[in-house]
Each structure stands twice: as structure tokens, then as C-alpha cells.
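Residue numbers (the numbering used here): 277 to 586.
Source of the hints: derived by calculation from the structure; they are not laboratory data. Remember, it's a predicted structure, so these values are computed and weren't measured experimentally. Certain hints may be false.
Beta-carbon label-pair distances, calculated as ranges [what the hints assert, rightly or not]: (1) A328 x A584: 27 to 33 angstroms; (2) D336 x W485: 18 to 24 angstroms; (3) R561 x D539: 36 to 42 angstroms; (4) V457 x E309: 27 to 33 angstroms; (5) D383 x S360: 17 to 23 angstroms.
Heads up, the beta-carbon is just placed ideally off N, CA and C, and yes, glycines get one too.
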Amino acid sequence: MPMRRIAIPLLVCTLALTACGGDEDPEVIPTVEQAEKFAFAAWLFYTDTPEAAEMRDDPDYLLSVADDNGWFDPAEEDAYEVWSAQDPEYQDAWMEAFKGTDRFDYDREMRDAYEEDFDAASERDFGPQPPFGGCELETLDAVYGGPGKSESDGEEFWYRPLPETPLTWVGEGKLYDELSVRYVDEESDFLFCVEERGYGQWEFDDLGWLPTELHLEQFYYPGGNEYGDDVVIPPLAEAAEEFDDPLEYEFAMALDFAECAEDSGLREGTEEAWAKLYIEQFSGREAEVFAWEEGIRDDLANAQDYLAGA
277 MPMRRIAIPL LVCTLALTAC GGDEDPEVIP TVEQAEKFAF AAWLFYTDTP
327 EAAEMRDDPD YLLSVADDNG WFDPAEEDAY EVWSAQDPEY QDAWMEAFKG
377 TDRFDYDREM RDAYEEDFDA ASERDFGPQP PFGGCELETL DAVYGGPGKS
427 ESDGEEFWYR PLPETPLTWV GEGKLYDELS VRYVDEESDF LFCVEERGYG
477 QWEFDDLGWL PTELHLEQFY YPGGNEYGDD VVIPPLAEAA EEFDDPLEYE
527 FAMALDFAEC AEDSGLREGT EEAWAKLYIE QFSGREAEVF AWEEGIRDDL
577 ANAQDYLAGA
């Protein structure tokens with residue numbers, strides 16, 4: 277069978293190499309208004325209903341998760357649906373043209389091995405991944421002047437030279453520690469309130485998060501997943517016994533958590549304090565941020581020239 281001609285949009289190749297990052301905000305408890313409208317939002321992904329699909333596009337919900345999820349272009353989902361509708365032969369030919377034959381064959385061999393026997397593949401040495409090739413290499417050359425390369429234990433590793441923004445992991449994950457010291461009493465009162473309402477003993481992790489979604493997963497998918505010993509997930513306690521429907525339980529639990537946050541004073545002033553900590557972290561780093569911005573401008577200019585000449 278003759279190979280059909282594969283058209284690879286250079287814009288897709290270019291955008292496939294972009295990335296962004298950001299630190300975590302410790303806001304893990306919904307407001308009362310949010311709790312009443314979409315609870316913890318776990319049901320939006322644990323259930324497949326028209327209501328869940330509609331709520332995923334709700335402006336209030338999107339605003340509440342914007343800081344954590346960043347900006348999402350709906351066109352990406354449309355493009356993925358178009359891609360998924362293609363036959364496997366087209367997808368393989370596209371990926372081979374994008375990655376280059378050597379890297380494509382390596383990745384496909386690894387994928388097939390894991391699909392056939394995950395445990396056996398985990399013990400297998402596939403050797404070093406081949407260098408970039410195809411459209412991916414062409415784009416890296418045009419935008420960044422080539423891929424990055426490093427060596428470890430005698431092996432070469434190729435990577436995309438994406439410049440990490442100074443805005444990534446502000447405070448190296450330590451901002452919550454500073455904020456928690458200021459709100460230790462409010463946190464304790466909140467956790468006591470949650471326990472008093474029948475949800476057992478909870479604790480914040482090192483980044484200020486509560487494992488609410490993993491806790492709810494026990495109700496939506498009993499016995500579905502196992503996690504390491506370092507993940508402390510409160511079991512479904514007496515509060516869950518009053519509900520047969522996990523969705524009803526999630527909404528009741530979210531409202532209780534939201535009210536406990538308000539009653540304990542945990543929500544008072546935390547956003548302002550968090551913003552102040554961010555500003556303090558950037559004091560004296562203006563030159564570093566400016567240099568990063570200049571580098572990004574150069575990369576974007578290279579990408580524009582590349583696309584214009586395609």
C-alpha cells in the first residue's frame with residue numbers, strides 16, 4: 277500500500293515544544309458559594325453527565341481553578357478530537373515524520389512492550405533514547421539553535437532547551453511553611469471543626485493541600501487505587517454513612533469544609549498574606565526576570581521567522 281502524503285503543520289510542531297509553570301497556591305478549600313455550586317469539583321471528572329460537562333465550562337468554576345490550571349485553549353480539545361478520529365496508520369506516519377524514524381521506532385517499541393507486559397518492560401533496558409529528529413529537530417534548531425544535551429553515567433540525554441521561568445516554584449515550595457506559621461491557630465481550629473463534623477482527622481501536606489479528591493475517590497470508586505505510605509488519605513468516616521450517593525456526600529462535605537474555614541478564621545487575610553509573600557520573593561530579582569523575558573522574546577521572534585518562511 278503506498279504511503280499517503282503526511283501534511284505536518286509547522287505551527288503544530290512549534291507549539292508542541294512550549295511549556296509554562298507556576299507555584300502552587302494553598303487555597304484548597306472552596307468558599308461557601310463555591311461549595312454550594314460545584315463542591316470540590318471532583319464530580320466533574322468522576323461522573324460523566326451533561327451537568328458535569330456543563331459545569332466544566334462554567335465561568336465561576338473556571339475562575340476558581342485558573343491559578344492552578346493556567347489558561348486552556350478550547351481549540352486544543354477540538355484538535356485532539358480531530359487527531360483521535362484519524363486511523364492508526366495516519367497517526368503513526370505523522371508521529372514518525374514529527375519525531376524522526378529512529379526516535380519513533382524507539383518510542384513505539386517501548387510503548388508496545390509496556391502494553392504487552394508492564395512488569396517485564398519495567399525490568400527491560402531499552403537503551404538510550406535516540407536524538408531528536410524530523411520536524412521536532414527542525415523546530416528546535418530554528419527556535420533554540422538546537423536541542424540541549426547532557427551526559428550522566430556515560431549516557432547522553434537530549435532535551436528541549438526550554439528556559440525555566442523565575443516564576444516557577446516561587447520560594448521552592450516553602451511559602452506555605454511561612455504562611456502556616458502565621459495561621460497555626462486557625463489551621464488547628466479548622467481541622468478540629470472538620471473532625472467534629474464527622475470527617476475524621478485531616479492534615480495539610482507540605483504545600484498546604486488537603487487530599488480531598490483522593491478521599492472522595494474512595495466513595496466514587498471503592499477499592500479503585502492504592503497509594504504509597506507517604507500519602508495520608510482519611511478514610512470515609514461516619515459522615516459518609518448518611519449518604520448513598522457520592523455526589524450528595526461531596527456537596528455536603530464541601531459545604532462543611534467551607535463553613536469550618538470561615539468559622540475558624542482560616543480564610544481571613546490569607547489571600548493578602550499569600551500575595552505579600554510572593555512579592556517578597558521577587559524583591560531583588562528584577563534583573564533575573566528581565567533576562568528571562570528577553571530570552572523568551574528572542575525565542576518567539578525565531579519562531580515567527582520560522583513560520584513566516586515555511
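Hints, verified against the model:
{"no.": "1", "hint": "A328 x A584: 27 to 33 angstroms", "result": "42 angstroms, violated"}
{"no.": "2", "hint": "D336 x W485: 18 to 24 angstroms", "result": "21 angstroms, holds"}
{"no.": "3", "hint": "R561 x D539: 36 to 42 angstroms", "result": "38 angstroms, holds"}
{"no.": "4", "hint": "V457 x E309: 27 to 33 angstroms", "result": "29 angstroms, holds"}
{"no.": "5", "hint": "D383 x S360: 17 to 23 angstroms", "result": "18 angstroms, holds"}
Of the numbered hints stated above, the single one contradicted by the structure is hint 1.
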